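**Q** Under full-length UniProt numbering, think of the first position of the sequence shown as 1, with each following residue one higher.
Take these hints with a grain of salt, some might be off.
Stated by the list, open to error - With beta-carbon atoms standing in for the labels, derived distance ranges:
{"hint": "1", "residue 1": "G111", "residue 2": "E210", "range": "29 to 35 Å"}
{"hint": "2", "residue 1": "A52", "residue 2": "T243", "range": "22 to 28 Å"}
{"hint": "3", "residue 1": "V121", "residue 2": "A209", "range": "36 to 42 Å"}
{"hint": "4", "residue 1": "D101", "residue 2": "A201", "range": "21 to 27 Å"}
{"hint": "5", "residue 1": "G10", "residue 2": "A102", "range": "28 to 34 Å"}
{"hint": "6", "residue 1": "R79", "residue 2": "E210", "range": "29 to 35 Å"}
Said to hold, decoys possible - EDC-like cross-link-like pairs, simulated, lysine to aspartate or glutamate; straight-line CA separation at most 20 Å:
{"hint": "7", "residue 1": "K11", "residue 2": "E58"}
{"hint": "8", "residue 1": "K11", "residue 2": "E53"}
{"hint": "9", "residue 1": "K218", "residue 2": "E208"}
{"hint": "10", "residue 1": "K218", "residue 2": "D229"}
Think of the hints as simulated: they come from the structure by calculation, not from any bench. Quantities reported herein were computed from a predicted structural model and do not represent experimental measurements. Glycine included, C-beta positions come from ideal geometry on N, C-alpha and C.
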Amino acid sequence: MRSPDYGLQGKTVLITGAAGGIGNALARAFAAQGARLMLLDRAGTGLHGLCAELGAIEAECDLGDTAQVAGVAALVRERWGMLDVLVNNAGTEYPTPLADDAPDAMARWAGLLDNNVSSMVRLTQALLPLLPRGASVINQSSIWGRIGVAGFSAYAASKHAVVGLTRSLALELGPRGIRVNAVCPGWVRTAAALRSLTAMAQEQGRSEAEVEHEILSKQAVPVMLTPEDLAGVFLFLASSGATPLTGQCLVASHGEVMA
């Protein structure tokens with residue numbers, strides 16, 4: 001089946017966390033629409049091959065490093081002069097149980113917040129002068145940004161924060177004609193999600209198959225999402241068809257969360 005045309009031909013698009021499962025799928029989806037891509041990820045993540053395959057600009061960057069983030073903004077200015085779509089997809093997921101009394105427990109807690117939230121602020125702020133009227137910023141949140149999850153307080157807190165950040169930036173940037181929305185995926189079959197599933201199974205003393213069955217039983221469509229399933233949501237939010245939408249957090253969870 002031929003995919004819909006979202007009118008993104010020639011649009012400039014930057015995707016963070018592009019070497020991971022969802023980022024990789026988004027990069028391929030935007031490339032198929034004829035967008036001009038800059039793909040960003042940490043060094044050593046296998047980004048080079050994907051950029052070569054898609055004809056994308058490669059940008060290795062640690063989003064926790066202000067100087068490196070400034071370098072990405074300079075590269076966007078040099079290559080394109082402006083940016084139509086920013087997809088803040090990069091993030092980290094791991095358990096942070098409250099009972100963890102390891103010496104680095106709070107450092108890991110704070111590090112997850114910095115990686116999942118502050119990194120979005122750093123990059124969006126650096127790119128703001130290059131976002132024209134009509135630009136779209138799309139932030140990656142999660143259904144865990146709408147509910148609580150035992151043992152994953154830092155991750156859930158970070159994704160709740162992304163929702164608040166999205167709504168606040170939508171109000172702040174709206175007068176400039178810039179839309180800011182978020183996507184809240186449910187369980188997606190990625191390496192990070194499967195690691196979390198394994199951690200939950202071990203904590204509960206159950207098999208991974210049992211935990212997955214319980215997760216899927218809560219969905220209206222009891223099938224785990226794939227990264228490719230999410231692509232259309234991002235393409236739509238980037239398109240002119242989503243012009244009325246800003247400050248919205250679209251839940252894509254096969255009906256696990258309906259809000």
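**Q** Starting from the hint list further up, note which numbers the structure goes against and sort them upward.
**A** Hints 2, 5, 6 contradicted; others consistent.
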